[in-house]
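Enquirer: Positions in the sequence shown are counted from 1; adding 39 to them yields our numbering.
Treat the hints with care, as some may be off.
[To be verified] No farther apart than 30 angstroms at their CA atoms in a straight line, the calculated lysine-lysine pairs in the DSS-like style are these:
#1 Lys68 <-> Lys108
#2 Lys49 <-> Lys108
#3 Lys68 <-> Lys49
#4 Lys68 <-> Lys52
#5 Lys52 <-> Lys108
It should be emphasised that the hints constitute simulated quantities derived from the structure, not laboratory data.
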Amino acid sequence: MSYSVHVEVKEEKVFSVYLEVDESCRVTKLVISGDFFAFPPELLDEAESRASGQALEGVTELVGGYLEKVALVGVSRARALEVLRRAVEEGLRRCRGG
(Lines of atoms letter the chains of each structure in order from A and count residues from 1; the text may use other names and numbers.)
(Lines give C-alpha, C1' and ligand atoms only; values in the text may rest on other atoms or scores of the structure.)
Protein backbone atom coordinates (compact mmCIF):
# COMPACT_ATOMS: atom_id res chain seq x y z
CA MET A 1 0.00 0.00 0.00
CA SER A 2 1.43 3.37 -0.96
CA TYR A 3 0.36 6.79 0.27
CA SER A 4 1.13 10.47 -0.10
CA VAL A 5 1.96 13.23 2.37
CA HIS A 6 1.60 16.95 1.69
CA VAL A 7 2.83 19.66 4.08
CA GLU A 8 2.66 23.35 3.22
CA VAL A 9 3.47 26.59 5.02
CA LYS A 10 3.08 30.21 4.06
CA GLU A 11 5.71 32.65 5.26
CA GLU A 12 6.13 35.42 2.69
CA LYS A 13 5.57 32.79 0.03
CA VAL A 14 4.19 29.25 0.02
CA PHE A 15 6.63 26.35 0.46
CA SER A 16 5.26 22.86 -0.02
CA VAL A 17 6.64 19.31 0.14
CA TYR A 18 4.70 16.45 -1.43
CA LEU A 19 5.87 12.88 -0.81
CA GLU A 20 4.69 9.59 -2.24
CA VAL A 21 5.92 6.58 -0.30
CA ASP A 22 5.66 2.87 -1.10
CA GLU A 23 4.91 -0.01 1.26
CA SER A 24 8.61 -0.48 2.05
CA CYS A 25 8.92 3.14 3.28
CA ARG A 26 10.84 4.26 0.20
CA VAL A 27 10.15 7.51 -1.58
CA THR A 28 8.58 7.03 -5.01
CA LYS A 29 8.09 10.75 -5.62
CA LEU A 30 9.11 13.99 -3.91
CA VAL A 31 8.00 17.40 -5.14
CA ILE A 32 9.09 20.72 -3.65
CA SER A 33 6.83 23.51 -4.85
CA GLY A 34 5.36 26.89 -4.03
CA ASP A 35 5.64 30.48 -5.11
CA PHE A 36 9.09 31.03 -3.58
CA PHE A 37 12.31 31.40 -5.58
CA ALA A 38 15.39 29.19 -5.36
CA PHE A 39 18.76 29.88 -6.97
CA PRO A 40 19.99 27.82 -8.68
CA PRO A 41 16.63 26.06 -9.21
CA GLU A 42 18.32 23.02 -10.74
CA LEU A 43 19.50 21.95 -7.29
CA LEU A 44 15.91 21.43 -6.12
CA ASP A 45 15.22 19.37 -9.25
CA GLU A 46 18.28 17.26 -8.45
CA ALA A 47 17.17 16.83 -4.82
CA GLU A 48 13.74 15.61 -5.96
CA SER A 49 15.34 13.17 -8.38
CA ARG A 50 17.89 11.84 -5.87
CA ALA A 51 15.19 11.30 -3.21
CA SER A 52 13.32 8.84 -5.44
CA GLY A 53 14.00 5.29 -4.27
CA GLN A 54 15.61 6.40 -1.00
CA ALA A 55 14.55 5.12 2.40
CA LEU A 56 12.33 7.70 4.04
CA GLU A 57 14.61 7.88 7.10
CA GLY A 58 17.42 9.46 5.05
CA VAL A 59 15.39 11.95 3.03
CA THR A 60 15.59 14.86 5.50
CA GLU A 61 19.39 14.72 5.49
CA LEU A 62 19.64 14.22 1.72
CA VAL A 63 17.21 16.94 0.65
CA GLY A 64 18.21 19.20 3.54
CA GLY A 65 21.73 19.20 2.16
CA TYR A 66 20.41 20.60 -1.10
CA LEU A 67 18.32 23.21 0.72
CA GLU A 68 21.52 24.38 2.43
CA LYS A 69 23.11 25.00 -0.99
CA VAL A 70 20.36 27.11 -2.58
CA ALA A 71 19.48 30.74 -1.98
CA LEU A 72 15.80 30.89 -1.04
CA VAL A 73 13.70 34.03 -1.54
CA GLY A 74 10.26 34.27 0.06
CA VAL A 75 10.77 31.52 2.62
CA SER A 76 13.49 31.09 5.22
CA ARG A 77 15.79 28.09 5.05
CA ALA A 78 14.72 27.17 8.59
CA ARG A 79 11.04 27.14 7.57
CA ALA A 80 11.80 25.11 4.44
CA LEU A 81 13.67 22.53 6.53
CA GLU A 82 10.80 22.46 9.03
CA VAL A 83 8.29 21.67 6.28
CA LEU A 84 10.56 18.93 4.92
CA ARG A 85 10.96 17.40 8.41
CA ARG A 86 7.20 17.52 9.04
CA ALA A 87 6.48 15.75 5.74
CA VAL A 88 9.06 13.04 6.46
CA GLU A 89 7.86 12.59 10.05
CA GLU A 90 4.27 12.19 8.86
CA GLY A 91 5.44 9.70 6.24
CA LEU A 92 7.32 7.69 8.86
CA ARG A 93 4.32 7.73 11.19
CA ARG A 94 2.07 6.36 8.46
CA CYS A 95 4.68 3.86 7.34
CA ARG A 96 4.96 2.48 10.85
CA GLY A 97 1.21 2.17 11.12
CA GLY A 98 0.67 5.09 13.49
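Enquirer: Return the numbers of the hints above that this structure violates; sort them in rising order.
Expert: Nothing - there is no hint that the structure violates, so all of them hold.
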